[in-house]
Amino acid sequence: MTQAAAAAKPPVAPGPAKRRSQGGGGGLFALTPTSGIGLGICLLWFTILVMLPLAAVTVASVEGGLGSFWNTLTDAQTFAALRLTVLEAAGVTVINAVVGTVIAWVLVRDQFWGKRIIDVVIDIPFALPTIVAGLVLLSLYGPQSPVGINIVNTRTGIFMALLFVTLPFVVRTVQPVLLELEGDVEEAAASLGASRATTFRRVILPSLVPAIAAGSSLGFARAISEFGSLVLISGNTPFKTEVASLKILKFLEGDNQAGAAAVAVLLLLVAVVVIVALDLISRRAARRA
Amino acid sequence: MPDTRHIRRQKGPVMIGMRVFVILYLFFLIAWPVSEVVKRTFAPVEQGAEGGFGAFWERLQDPAVQYAFSLTGTVALWAVIINTVFGVGISLLLVRYRFPGRRVLSVLVDLPMSVSPVVVGLALVLAYSSGSGWFGERLEGAGIFIIASTPGLIMATAFVSLPLVIREVVPTLQEIGTDSEMAAHSLGAGGWQTFRRITLPSIKWAVVYGVVLSMARSLGEFGAVKIVSRGAEFQGETATLLIQNRYNNFDESVAYAAAFVLVMASVLALVVVSLIRKEDHS
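So the protein sequences, as listed, match chains A and B. Per the working numbering, numbering through the first sequence is continuous, rising by one, with the last residue being 289. Per the working numbering, numbering through the second sequence is continuous, rising by one, with the last residue being 1282.
Note that these hints are calculated values from the structure, not bench results. Backbone N, C-alpha and C fix where the C-beta goes; we use that ideal spot for every residue, glycine too. Just to be clear, a hint being listed does not mean it is correct.
Straight line, CA to CA, 25 Å or less: simulated DMTMM-like cross-link-like pairs of lysine to aspartate or glutamate [as the list claims (entries may be wrong)]:
| no. | chain 1 | residue 1 | chain 2 | residue 2 |
| --- | --- | --- | --- | --- |
| 1 | B | K1039 | B | D1251 |
| 2 | A | K250 | B | E1050 |
| 3 | B | K1204 | B | E1279 |
| 4 | B | K1039 | B | D1062 |
| 5 | A | K250 | B | E1233 |
| 6 | B | K1278 | A | E180 |
| 7 | A | K115 | B | D1280 |
| 8 | B | K1204 | B | D1280 |
| 9 | B | K1204 | B | D1179 |
| 10 | B | K1278 | A | D110 |
| 11 | B | K1278 | B | E1175 |
| 12 | A | K115 | A | E182 |
| 13 | A | K250 | A | D119 |
| 14 | B | K1039 | B | E1050 |
| 15 | B | K1278 | A | D119 |
| 16 | B | K1039 | A | D119 |
| 17 | A | K240 | A | D75 |
| 18 | A | K115 | B | E1279 |
| 19 | A | K250 | A | E63 |
Now the in silico label distances, taken between C-beta atoms and shown as ranges [as the list claims (entries may be wrong)]:
| no. | chain 1 | residue 1 | chain 2 | residue 2 | range |
| --- | --- | --- | --- | --- | --- |
| 20 | A | K115 | B | S1035 | 52 to 58 Å |
| 21 | B | E1140 | A | F29 | 51 to 57 Å |
| 22 | A | A197 | B | N1249 | 51 to 57 Å |
| 23 | B | F1234 | A | W113 | 49 to 55 Å |
| 24 | A | N71 | B | N1249 | 35 to 41 Å |
| 25 | A | K115 | B | R1196 | 41 to 47 Å |
Covered by chain B, according to a simulated footprint, are these stretches of chain A (three or more residues, beta-carbon under 8 Å) [unchecked claim]:
| no. | region |
| --- | --- |
| 26 | 116-127 |
| 27 | 139-153 |
| 28 | 202-216 |
| 29 | 255-261 |
Could you build all of it, start to finish, from the sequences and the hints given here?
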């Protein structure tokens, strides 16, 4: 089952175990002429592909001055879209932190027929293309729904789509930690008279917190930036179902590149904060281990 | 761990409750909707659309659908090749060599995974579009068009799947250490020979694994491609864009047929990945 868990690792490093550590794993050599050229080529490509375009977004967002950047973001319609995005993402993150931990718990500690199927089902949201994820939800909860529910152009629809695409993050970061947890500490707690609830709260939960935090921040970043699965579901109605990524698209279609860049820079900032936070979490965990 | 079994095996009402909750949650959120897609692929609810495998196959023969899938295939192939070459290169540099900015680079290579695909598309447009990009005019002068043509699609796809190979190869490189590489070196092997005969065989499965993940991701990329591509039929319409366009144009049955193909591709990727894991661990 560890294999299955590793198979659907979240897009960014899942937990402390697999993170690259500073100077770990073998000696570090000084650059030779050949590897120096290699480094040059790699950095050149990385700059062309990633750094220059991201710099272009950042510059474009403040091209009209900080004032216009600020005006774009505080414009009532844009602000409503940003607020909705953050609130939905926060709500989804809270639910995932709890439900994801429960699912991981059931996968590791419970035994029943069909558990393997659940393990596979968890991986589906990562494997599906995002546009297909949207279509999947619409086929059951969209127009012509066999159950008579239509989530198109509702905030509930956005919420469900985000729950769908972010489901595996917490499960797959907590599961390996739970697997490696030694039973003897729990036994000691139980033998000292702690109830199962107390054991969970005082003994198990503290060791799961870094993993839950890592999974939640990955999920939050994903929810904030989600686009593909929302395109078909969100009706993109201003003040009601417009989210940040769709707002960028709308700005672009209206030929307002500065506006698009302003919102994009905010999303970029969230992404940077999350990866730096994850790097710090994993470094701290590695130091403790 | 036989002595801890009795703790782990206790089944109170809480455990049963959680089990039922998890099953219901996953059923309503994932399993049922996914099965509904399969159902609609072969039994469309659309007026006048035929059901069955023959009709499904017929829909995929539409020239626009064929174009979309061949474009998606081409783009994904190039993106994967580029990411594999640079992925292995960057991993080797990060793990084996010491250079200023190494730590920063190791954090930055993860960035493409957490940036919104829309932002990726926008960034490429702002840098390279011939109308308003930083380098657009100069590239246009040299006869190179990136945005709204295939190179742009390849760059967008390579951007979003960039870290996948690196993240598989880096931990493996760290694990194998440098002993055998040093031994090869002291026996007179050159850099390339050491890489080909010693390093590459030991990171083989990590590379394959990264390639499969990149392939799956590349075939399904939507957001970045949406911004970069013109997205019209026969004009940069990839498979995922086709799904969106057809769904919005009330041509649902084709959208479902194309979606089903992508679902099968991702299921295949999941299966291959779990087989590789077994191979790797044995």
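Against the structure, the hints:
1. K1039/B / D1251/B: Measuring from Cα to Cα gives roughly 16 Å; hence the hint holds.
2. K250/A / E1050/B: 36 Å, violated
3. K1204/B / E1279/B: 11 Å, holds
4. K1039/B / D1062/B: Judged against 25 Å, a Cα distance of about 21 Å means the pair holds.
5. K250/A / E1233/B: 21 Å, holds
6. K1278/B / E180/A: Within the cut-off at roughly 19 Å; holds.
7. K115/A / D1280/B: Distance of about 24 Å is within 25 Å: holds.
8. K1204/B / D1280/B: Given pair K1204/B, D1280/B holds - Cα atoms ~9 Å apart, limit 25 Å.
9. K1204/B / D1179/B: With Cα atoms ~18 Å apart, K1204/B and D1179/B stay inside 25 Å; holds.
10. K1278/B / D110/A: 23 Å, holds
11. K1278/B / E1175/B: 18 Å, holds
12. K115/A / E182/A: Holds, because 22 Å separates the two Cα atoms, which is no more than 25 Å.
13. K250/A / D119/A: 38 Å, violated
14. K1039/B / E1050/B: 13 Å, holds
15. K1278/B / D119/A: 16 Å, holds
16. K1039/B / D119/A: 23 Å, holds
17. K240/A / D75/A: 15 Å, holds
18. K115/A / E1279/B: 23 Å, holds
19. K250/A / E63/A: Answer holds: K250/A to E63/A is near 19 Å, not above 25 Å.
20. K115/A / S1035/B: 52 to 58 Å: At roughly 19 Å between Cβ atoms, S1035/B and K115/A fall outside 52 to 58 Å, so the hint is violated.
21. E1140/B / F29/A: 51 to 57 Å: Distance hint for E1140/B, F29/A is violated at roughly 43 Å.
22. A197/A / N1249/B: 51 to 57 Å: Given range 51 to 57 Å: holds, Cβ gap about 55 Å.
23. F1234/B / W113/A: 49 to 55 Å: Holds, since F1234/B and W113/A (Cβ atoms, about 50 Å apart) stay within the stated range.
24. N71/A / N1249/B: 35 to 41 Å: 37 Å, holds
25. K115/A / R1196/B: 41 to 47 Å: Cβ of K115/A to Cβ of R1196/B: about 43 Å, so the range 41 to 47 Å holds.
26. 116-127: n = 8 at 8 Å, threshold three: holds.
27. 139-153: holds (count 5)
28. 202-216: violated (count 0)
29. 255-261: Satisfied; 3 residues make the cut.
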